[in-house]
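Engineer: Residue numbers (the UniProt record's numbering), protein chains in the order written: chain A, 1 to 342; chain B, 1 to 342; chain C, 1 to 342; chain D, 1 to 342.
Simulated from the structure, these hints should not be mistaken for laboratory data.
Wrong hints could be hidden among the right ones.
What the hints assert, rightly or not - In silico DMTMM-like pairs for lysine to aspartate or glutamate, Cα to Cα no more than 20 Å straight-line:
#, chain 1, residue 1, chain 2, residue 2
1, D, Lys247, D, Glu297
2, C, Lys247, B, Glu167
3, B, Lys247, C, Glu260
4, A, Lys247, D, Glu165
Said to hold, decoys possible - Only some residues are given here: those of chain B computed to face chain C with a beta carbon under 7 Å:
#, residue
5, Val65
6, Tyr113
7, Thr171
Said to hold, decoys possible - From the derived model, a few chain D residues whose C-beta atoms are all more than 12 Å from chain A:
#, residue
8, His25
9, Ile30
10, Gly180
11, Leu183
Virtual Cβ for every residue (Gly too), placed ideally from N, Cα, C.
Number of protein chains: 4
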Amino acid sequence: MTVRAAVAGASGYAGGELLRLLLSHPEVEIGALTGNSNAGQPLGALQPHLLPLAGRVLRPTTADVLAGHDVVFLALPHGQSAAVAEQLGDDVLVVDMGADFRLASAADWEAFYGSPHAGTWPYGLPELPGARTALEGSRRVAVPGCYPTAVSLALFPAYAAQLAEPEAVITAATGTSGAGKALKPHLLGSEVMGSMSPYGVGGGHRHTPEMIQNLSAVAGEPVTVSFTPTLAPMARGILATCSARAKPGTTAAEVRAAYEKALADEEFVHLLPEGQWPATASVYGSNAVQIQVAYDEAAGRIIAISAIDNLTKGTAGGAVQSMNIALGFAESTGLSTIGVAP
Amino acid sequence: MTVRAAVAGASGYAGGELLRLLLSHPEVEIGALTGNSNAGQPLGALQPHLLPLAGRVLRPTTADVLAGHDVVFLALPHGQSAAVAEQLGDDVLVVDMGADFRLASAADWEAFYGSPHAGTWPYGLPELPGARTALEGSRRVAVPGCYPTAVSLALFPAYAAQLAEPEAVITAATGTSGAGKALKPHLLGSEVMGSMSPYGVGGGHRHTPEMIQNLSAVAGEPVTVSFTPTLAPMARGILATCSARAKPGTTAAEVRAAYEKALADEEFVHLLPEGQWPATASVYGSNAVQIQVAYDEAAGRIIAISAIDNLTKGTAGGAVQSMNIALGFAESTGLSTIGVAP
Amino acid sequence: MTVRAAVAGASGYAGGELLRLLLSHPEVEIGALTGNSNAGQPLGALQPHLLPLAGRVLRPTTADVLAGHDVVFLALPHGQSAAVAEQLGDDVLVVDMGADFRLASAADWEAFYGSPHAGTWPYGLPELPGARTALEGSRRVAVPGCYPTAVSLALFPAYAAQLAEPEAVITAATGTSGAGKALKPHLLGSEVMGSMSPYGVGGGHRHTPEMIQNLSAVAGEPVTVSFTPTLAPMARGILATCSARAKPGTTAAEVRAAYEKALADEEFVHLLPEGQWPATASVYGSNAVQIQVAYDEAAGRIIAISAIDNLTKGTAGGAVQSMNIALGFAESTGLSTIGVAP
Amino acid sequence: MTVRAAVAGASGYAGGELLRLLLSHPEVEIGALTGNSNAGQPLGALQPHLLPLAGRVLRPTTADVLAGHDVVFLALPHGQSAAVAEQLGDDVLVVDMGADFRLASAADWEAFYGSPHAGTWPYGLPELPGARTALEGSRRVAVPGCYPTAVSLALFPAYAAQLAEPEAVITAATGTSGAGKALKPHLLGSEVMGSMSPYGVGGGHRHTPEMIQNLSAVAGEPVTVSFTPTLAPMARGILATCSARAKPGTTAAEVRAAYEKALADEEFVHLLPEGQWPATASVYGSNAVQIQVAYDEAAGRIIAISAIDNLTKGTAGGAVQSMNIALGFAESTGLSTIGVAP
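Using the sequences provided together with the hints, build the complete structure.
Structural biologist: Right, here's the structure in full:
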């Protein structure tokens, strides 16, 4: 069975990565591609790396254009997905790569995004307890944020095993594509090359409530999250350094065992052998997640570190993985665990 | 039909890239992997991006280990391939990713490599006139150098159409993976990041006679080549800026037409629309080649520029493409024209 | 004697680099700083690396604001300098870091810049024959372009010694700061990191007539220039690879001797020992120029390569060097030949 | 008064940066330069960016060679400084840029370095309470580690004001020069460009006890430190993200006030205006430190972030600053707070 997929927001980084993956997906035929400011332009001028689609012309993002597809991927600025989704039938699989349907709490949504809450859709991080089942057969999917993907996968085994205190401290470094194609001075190559800098420090980053939602659900108690994102001089990748104080009596062996147990059956999430550490280069362009965990006895903390490609597993790869589950394809169809390195 | 392939030199950059490609090749089963200094180590410790092969252990590079495969890829230091190849049957396809069998002239070989000439095998750049036919059914293939691949594809259309004087001037920038995994001070990250520098200036680079051989054959007259390689602060990619004085009476339209004609039927070599220029990022991790050409009337020169991934089309992708031809698979089997960008 | 200097265009990369140098210049007191879109903002928000000036507020670029200084540096978009300069007295030293007064030929100016020619000022590349004398005591200085600086210094010794044919072929790689702080998609970090790409190919780059002017003057005959600029994944630096066919009978020894003679007395231009090659990292943040030359006998060409920091010797350092000469300070006052490396 | 300085270990990154600074120090004359494996080579071949010293030849690191100088800087592998220092008179200022004399606790030294403890010298981080006085007139100085410099400056104001609980959680990203010029595969440009990766996770990094020593002294109680270092794709710079739970009742205003008070009189440490965040590019090549602090009320944590140049303030600049204090020069002599950016 082949499905026809439309991509709204095909000129951005998320849309481009999605098309890169869909081009090698054996069950997907690429349908309408839309953009707004770029409507009318050939994709070859905007995404020159997608050679097989170079001649495709972007159309405006309207319900008419998106109608008549089996799957519609939305890579739109937050706040715009609901209006489009409403006009698509309930039988159409709508995969929202934006933030609109990720949060269950309307209060959190309004506090961090400042607009009315659109609702909550099944959450596209199948590795979290219960998430995979909720995605099966669903016709609506909310793709997680890139940071929450990296952070939730790194910490959920510790919380699921009740080994960690409910106060997570996280620092993550992202490649600049995480900030999108926006024309902002601090994203110019001259500014980012050779520089590391933080942003959204002190609890203000919009991905924070999403992390709290995921970790609290797994822990069965409210987890606080101190999250500091930093911008790194690379185009792709997230390295998330996550830690929490270990509950009294925890041993290093228990920590290792908890991670082995939680990740044993996941084909995309790889717990590295002891002594080996994640590197974003190793998962470049792939849907793989590298994880390693340590127990610092002197500090009494569990340190879990994950590496993902923010555009692949962190966005477009996660979207394809969830589509596969929703439509009943093998979960890894069209996805790879092989990084492009060096 | 599935073939079993062995890879000698699996711990290096060329070997790693080859394995990345073979893992997605539907007709290839990966057999023995060998290294010398690394024999006995798991591949996961040496090539952490190749997750599906993480548990594979490297074996020593011996004829016994390499025997019993349909295809043997050699990614060895120059001078070592002949001894190995001799011990493999004539029915085994041997693909040499090193330099040993590229040059027809023993004198050139000895002048540039300082060792006895091993011989000449069919040349694995199918896009050159006559090359594809010579590869069909062959059981020996000499994979071109990365620079000669980029340069020959950029200039052969001008020489094939007799539009260029036989004096080529070439400057190429390569990513550091082109220098391999050698532990040399000038290849340290601290040295290369933020720096451009030349090397092998003045005619000494070993790829120079290979370029001369290819361009002279197409031109039907001896072509001199002034080649300056430079090291760029990136891991992958070659951007080759190639020029030659135009023969009297040449027009811009003739130049464009010559390139359109020469490249029309090539699925991996893409002549960009006028006004668009190659970028190495656009072919990152792919077997695609981006080419653009301009005619500078004031200077009377044709300038042809190509972008490739030095590890893919420049080495491992070219090897797979030639294997496909030699074994009668569709030429693009297991290869992609889609770059990983941004 | 201390002079008071105003800087018009203090929020850009050229203006920022100029201020970095003036802050360590013992004879200069920094006066008015102007910007247009940024007027009213503190410099600390725009140039956070210039800590001693963090509290300075940008003022609008008007004659009133610039009046009353001994020196006025103009770092403005081309076409804007003449109007400002006219309103400043003949006793004020005006150093134009833009292109407006570089070209002697009004026809060239109009062909490449498409606006009326503003005139010609003494050219701020003191190392060129005759240039230093013209700068002494002058109250108007045209700072050269960054590419013409790198290229003219690399090739003038060969032309001054009549060793090179009048057809120069040049490829140069520049750091992204050479393109300024303009908010253009191709200058985003995500686009430039890991990528090399050309632009302005085929003779269209505006620095081409400036190179022709400089080299022809030294050669005593018209020199054609084929110039291809490329964008490299680094913030600063230009590596210029320049070549020309050697005149009949030229020997390697003559070439070396010509460069030693031409550069012997220059404190900023350093001819490297044979066997050592320039690297942009070695001149990072300094006013030094590294040069090496080779004679490729097989190709019959002289290859001269230079490395500069495009913002320092290529722009702001060259401006300070010329100011020093014009005002009678020691030429190297406030300038360094020490790069920031690694 | 001018002093004569010798540098042991002049071929490495720390030694090179020290020479870069000493070359512009008005009170220092550069004497003997030593290396071991590199003895006999000209500095120009090893540190091509130090043009004024290109002709200097490295000598072996012996007491004879180092004798007869007023100041001797030691940039040697740990464990080697004591033997050299013993042979230098008590009237000679010995500045150890290695780790040997940083730790007061012999037990910590032996646990982390596995060799006998050499002793404890006055600690070269003048901004810490009491440190400046201890350095005045001293003839022995232990230069801090690069990470402890960044971390101690970011957190000491919070501990000095008794606002933070004694459990610090720190993630820091360093440029690759922090790992020195060692020829290790993971430091190759091809490996580090485009990649972020952690190392020494779980409490094993040798700089951890130094951080504990500094923070505990300021806090007046034992502080635990969970420290995770990461390698970033840049040559220079450290961005340290440091946090601790705030003591009950702490307010954002108190936190800000504590930092303003603690850093008010420091010429190198700059607390940024609220809303602006540190960037390593802003302190590139300078002795400046950028600091910003936030109070995350929801998570109940103080987050303090610092940016330094690991080779300047983190090593060689810190060494010069301490030398200035020890010898009675103005503390900022020969040092700059101006970064080289972009």
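Engineer: Against each hint, give a clear statement of whether it holds in the structure.
Structural biologist: Verification of the hints:
Between the alpha carbons of Lys247(D) and Glu297(D) the distance comes to roughly 12 Å, so the proposed pair stays at or under 20 Å and holds. Distance check on the hinted pair: Lys247(C) and Glu167(B) sit about 15 Å apart at the alpha-carbon level, within 20 Å; holds. For the proposed pair Lys247(B) and Glu260(C), the alpha carbon gap of about 36 Å is over 20 Å, so the pair is violated. For the hint linking Lys247(A) to Glu165(D), the alpha-carbon distance of about 18 Å falls within 20 Å, and the restraint holds.
With a least beta-carbon distance of about 36 Å to chain C, the hint placing Val65(B) at the interface is violated under the 7 Å criterion. Hint on Tyr113(B) is violated. Least Cβ distance to chain C is approximately 16 Å, over the 7 Å limit. Here the hint on Thr171(B) is kept, as its CB sits about 4 Å from the closest CB of chain C, short of 7 Å. Its beta-carbon lying about 25 Å from the closest one in chain A, His25(D) satisfies the requirement of being farther than 12 Å from that chain.
Once the 12 Å rule is applied to beta carbons, Ile30(D) is consistent with being away from chain A; the minimum gap is 28 Å. With a minimum CB-CB distance of about 18 Å to chain A, Gly180(D) clears the 12 Å threshold, and the non-interface call stands. With a closest Cβ-Cβ approach of about 16 Å to chain A, Leu183(D) is found to remain outside the 12 Å limit, as its non-interface label requires.
Going down the numbered hints, you'll see the structure goes against 3, 5 and 6, while the others check out.
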